[in-house]
Amino acid sequence: MPPGMESNLNSGSVKVIIHRPIEGNDAEKLCTDARNVIADTLLLHGYGVH
Numbered sequence: 001m002p003p004g005m006e007s008n009l010n011s012g013s014v015k016v017i018i019h020r021p022i023e024g025n026d027a028e029k030l031c032t033d034a035r036n037v038i039a040d041t042l043l044l045h046g047y048g049v050h
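First residue of the sequence shown: 1, per our numbering; consecutive thereafter.
Since the hints were derived computationally from the structure, they do not count as laboratory data.
Be aware that one or more of the hints could be misleading.
[What the hints assert, rightly or not] The following label-pair restraints were derived from C-beta to C-beta distances:
1) Asn8 x Asn36: 19 to 29 Å
2) Gly24 x Gly48: 38 to 48 Å
3) Gly48 x Val14: 13 to 23 Å
4) Met5 x Lys29: 33 to 43 Å
5) Pro21 x Tyr47: 16 to 26 Å
6) Asn25 x Pro2: 13 to 23 Å
7) Val37 x Gly12: 34 to 44 Å
8) Tyr47 x Met5: 16 to 26 Å
9) Pro2 x Asp40: 15 to 25 Å
10) Pro2 x Gly24: 37 to 47 Å
These figures come from a predicted structure and were not determined experimentally.
By construction, the Cβ of each residue, glycine as well, lies at the ideal position given by its N, Cα and C atoms.
The whole structure should be built from the sequences, with the hints applied where relevant.
Structure representation (structure tokens):
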């Protein structure tokens, strides 16, 4: 946010999706799995992944 704009409010909506926990001990695999779940959910709801 640009300096001086902290008090500005923008109208809109936010949708929060809580996914099932991802279990494991390998940090790289956990990150990859989390990214894949997020990307799949974005695509499911009509948002492209860049």
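So, going through the hints one by one against the coordinates:
With their beta carbons about 35 Å apart, Asn8 and Asn36 fall outside the hinted range of 19 to 29 Å. For Gly24 paired with Gly48, a C-beta distance near 28 Å fails the hint of 38 to 48 Å. Take Gly48 and Val14: their Cβ atoms lie about 19 Å apart, and the range 13 to 23 Å holds. Taking 33 to 43 Å as the suggested C-beta distance range, the pair Met5 and Lys29 conforms, at roughly 39 Å.
Range check, Pro21 to Tyr47: about 23 Å between beta-carbon atoms, so the 16 to 26 Å window is met. The given range of 13 to 23 Å is broken by Asn25 and Pro2, whose C-beta atoms sit roughly 41 Å from each other. Checked against the hint of 34 to 44 Å, the C-beta distance between Val37 and Gly12 comes to roughly 24 Å, which is inconsistent with it. The hint said 16 to 26 Å for the Cβ distance between Tyr47 and Met5, and at roughly 25 Å that hint holds.
Look at Pro2 against Asp40: about 33 Å separates their beta carbons, and that is not inside 15 to 25 Å. For the pair Pro2 and Gly24, the beta carbons lie near 39 Å from each other, so the given range of 37 to 47 Å is met.
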